[in-house]
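Residue numbers (numbering that gives the first Met the number 0), protein chains in the order written: chain A, 0 to 203; chain B, 0 to 217.
So these bits of chain B aren't anywhere near chain A, every CB distance computed over 12 Å:
no. : residue
1   : ALA23
2   : SER40
3   : LEU115
4   : PRO119
5   : VAL127
6   : PRO135
7   : LYS152
8   : LEU157
9   : LEU160
10  : PRO168
11  : GLY195
12  : ILE196
13  : ALA199
14  : PHE206
Here are the computed lysine to aspartate or glutamate pairs in the EDC-like style, where the Cα-Cα straight-line distance is at most 20 Å:
no. : chain 1 : residue 1 : chain 2 : residue 2
15  : B       : LYS9      : A       : GLU82
16  : A       : LYS152    : A       : GLU181
17  : A       : LYS121    : A       : ASP147
18  : B       : LYS9      : B       : GLU72
19  : A       : LYS121    : A       : ASP101
20  : A       : LYS28     : A       : GLU62
21  : A       : LYS121    : A       : GLU82
22  : A       : LYS121    : B       : GLU72
23  : B       : LYS9      : A       : ASP110
24  : A       : LYS121    : B       : ASP73
25  : B       : LYS152    : B       : GLU72
Rather than coming from a laboratory, the hints here were simulated on the basis of the structure.
Since the model is a prediction, treat every value here as computed from it, not as a measurement.
C-beta: ideal position from N, C-alpha, C; glycine also.
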Amino acid sequence: MTLTVTDLAITRGGIPVLEGLSFTLPAGKALILRGPNGIGKTTLLRTLAGLQPPLQGRIEGAEDQIAYASHSDGLKPTLTVVENLNFWASVFGTQGIQPALDAFALNDLADRHAGNLSAGQKRRLGLARMLVTGRPIWMLDEPTVSLDQNAVKMFADAVRTHLGQGGSALIATHIDLGLDGEVLDVGPNKAKPKPIDDFDGGFL
Amino acid sequence: MIALLLRDLKLALRAGGGFGLGLAFFLIVTVLVPFSVGPQSSLLSTIAPGILWLGALLACLLSLDRLLALDWEDGSLDLLATAPLPLESVVTIKALAHWLTTGLPLVLAAPFLGVLLNLPVPGFSWLVISLLIGTPAMSVIGTFGAALTVGLKRGGLLLSLLVLPLYVPTLIFGAEVARRGAMGMETQTPLLMLAGITAATIALLPFASAAVLRINLR
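For reference, chain A alone in the conformation it holds in the complex (with noise of 0.2 Å):
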C-alpha cells in the first residue's frame, strides 16, 4: 500500500506546471502538500487519482487504493445526508456508514436534505465520504475550506484514526492540522534542471 512516485511530470491544459517529482508515500503516514497558487498541487492529485495521464514518470501503488475529494463535494441537494453517503458506500461495496457519520458528528443532520445544509456542514458531509469509501489512500484537495476550528479539529482526527488503522493521506492545505506527517513543498524549484550538454558547455 505504499505509493511511490518516480521522476513526476504533469501537465495541467497541455502547459507543464511540475517536473521531476519524486516521494514515497507509506503506510501509516500523511503527506502534507504545500506550495503556492497555481504550481500544481491539485493537478498532482488529479494525476495520482488517475483522472488525468501523467506527461512522464512512473506512479506505482495508487491502482485502486486511492479515495479522492477534490474542491466539488458531489454531493446531491435533493438527497438526504444518509442518502448521499449510503449511495458512495454501494458504488464503493462496503458497508455501514455510522463510522463516517459519528466521526464528523453528522447524526443530528442525518435526514437533512444536503441542499439545506451550511457550507461547512457540506464540507463535512464531503469528507464524511472518504471514510465510507474504503480506500487506504485519501487524496484530500483543501479539506479545511469553511470548515471551523472544531471541524478541523474533527477531520484532523479522522484522519489520525485513518492513519492508525494503516491507511495514508497526502493532503493539499494551507493550515497547519497538528498531523504526524511529511511536508512536500512543491515550488518553481523543483523543476529539476536538465544537465548541461556538451554543446551548451562549449558554449558558456
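With chain A's structure known, arrange chain B on it following the hints.
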C-alpha cells in the same frame, strides 16, 4: 451499478429533477400541430405518425443537457471516475435512467396523443412498438452527445446540433414503421432496420461515450 440507477431515478423524481418536462413538451407540441396545419382530420391522420415521432424525439432531446451536466457541476463525475465502476457502465446506467424517466413515459403517452391527431386505429400498436424499440437508441445517442459536450458552458445548443443528425436513421425507420402500420402495410423491413440501429448503438456507443468522457474529465 444498481445504486447509481436508483440514485438517478430518485433524483429525477424529486423536486427539480425535471421528470415530466419532456412529457409536457410532447403534449404541447402535439396539441399545437392541428393549430398550425388546420383541423382537417384526413390530413392529420396522414401526418400523425410522423408528427408523433418527431414530437417524441424533440421531447427526448430537451432533457439531454441535464444528463451528465449536473454530475459534472457538483463533482460527482470526478468521484465516479475514481470509483470501482468502469465509466462504460456509468454511461450505460445513465442512458438507462434517462430512458426510464424520459423515453418510457413518452412511449406510454404516445397512444393518447395519437387520439388528438386522429391516428388510424391499426397505427396505435405500431406507434407504441416503434417508439419502444427506437427510444432506447435516442437515450444512448443522447448520452454520447452529453459526454461530448460535458463541461462546456451553455453546451445545450451544441448538444442539440451534434445529436439531431445522429437521430436521423432512428427517425426515418421509426416513423416509417408507424406510418406503414397506420396504413395497414407491411412493417417488417423498417422494423428490423430500427431494431438493428438500436442494437448497434447500445452495443457500441457506451464505449465511445466513456472514451470522450475520460478526455473531457482531464
